[in-house]
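Enquirer: Numbering (our numbering), first residue to last: 15 to 321.
Since no wrong hints were added, every one of them can be taken at face value.
In silico SDA-like cross-links for lysine to any residue, where the CA-CA straight-line distance does not exceed 25 Å:
(1) K38 with L61
(2) K95 with E231
(3) K223 with V245
(4) K303 with I317
(5) K236 with L103
Computed Cβ-Cβ distance ranges for the label pairs, DEER-style:
(6) S65 with K319: 48 to 58 Å
(7) Q180 with K319: 33 to 43 Å
(8) G292 with S175: 33 to 43 Å
(9) G292 with A81: 22 to 32 Å
(10) S71 with Q216: 48 to 58 Å
(11) V294 with N82: 28 to 38 Å
Just so you know, these hints were derived from the structure itself, not from any lab.
Each residue gets a CB set at the ideal place from its N, CA and C atoms; glycine is no exception.
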Amino acid sequence: MKVSIIGGGGLVGSCAGFALQLGKIVREIVMIDVNPEAADGHALDILHGASLVADQSIHAGTMADCANSDVIVVTAGLRRKPDESRLDLINRNVALFRGILGDIKKAGPKSDAILFVVSNPVDVLTYLAIRELGLPPKQVIGLGTVLDTTRLRSLLAQQLSVPPTQVDVTIYGEHGDSMVPIWSLGQIGGLPVDKYPGVTPQLITEIEKRARNSGAEMLKKKGGAGFAVGVSIADVIHSIALDQRRVMPVSSLQNGAYGLRDVAISVPTIVGRKGVLGVVEVDLWPKEKIALQSSGRVLRETIEKVL
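All chains should be modelled from the sequences, with the hints used to inform the complete structure.
Expert: As structure tokens, this is what we get:
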């Protein structure tokens with residue numbers, strides 16, 4: 015499998031490339047960036063460790079590489095300027111993303127290629143890509159709340175001193191302020207979260223708040239997230255590469271699940287080699303379903319403003 019990372023010269027793109035190397039699954043990793051020197055530098059840095067990790071082709075490339083890529087990952091994006099409104103930032107990123115989509119279309123992606131959107135606002139840009147790129151909607155996926163979910167799980171595990179891989183609580187909805195942690199289905203080691211020793215309503219509120227604010231915390235402390243988003247990207251790509259058909263909280267076009275329509279948003283989604291293979295709609299607490307529908311309305315309003 016060939017994976018091209020647009021934005022490979024930046025923090026998120028380079029961390030994604032390194033995570034894919036450590037995963038030892040994809041065959042070729044291509045770093046593409048508006049700054050070719052940065053893309054080449056990151057590709058070389060990853061390549062230098064190849065003899066200790068896996069037999070992969072790792073190199074810098076151009077948008078022409080999108081023509082024969084199996085997965086095209088877009089991580090390129092702009093950061094908020096001082097005193098800039100969220101809507102102004104969204105408009106700037108939409109303009110940048112439209113240019114990237116134009117370059118991808120010019121390269122001519124394969125008919126079965128998967129476009130994987132990571133750039134923010136990820137749900138809005140995923141919807142835009144579905145509308146304008148020309149690939150079938152099932153082949154356009156956004157990172158959605160995959161990163162938010164692992165943040166929540168890992169922070170909760172740390173607080174309870176339990177193995178992080180034993181924590182199974184998922185966030186759906188928007189990758190943003192209206193995200194919805196689904197505590198009704200949460201488990202720790204196969205046990206209901208709310209029954210697990212040490213879990214209290216106060217703890218749940220605290221962990222939920224920390225997960226929501228993690229992006230801002232990373233921006234303040236180190237200039238933005240890198241490692242966690244890198245492994246989140248690799249996790250989704252591995253499910254595609256191996257056709258694992260795992261249920262993941264990726265963002266994709268909705269056509270009725272939980273009452274959500276004409277919006278790209280995260281719900282329980284089966285991810286495999288052909289992209290989105292289906293949605294699993296299960297019963298949620300009434301307040302969770304209402305919050306999820308509200309999250310969809312928030313995204314719909316943003317889409318109508320900027321698109």
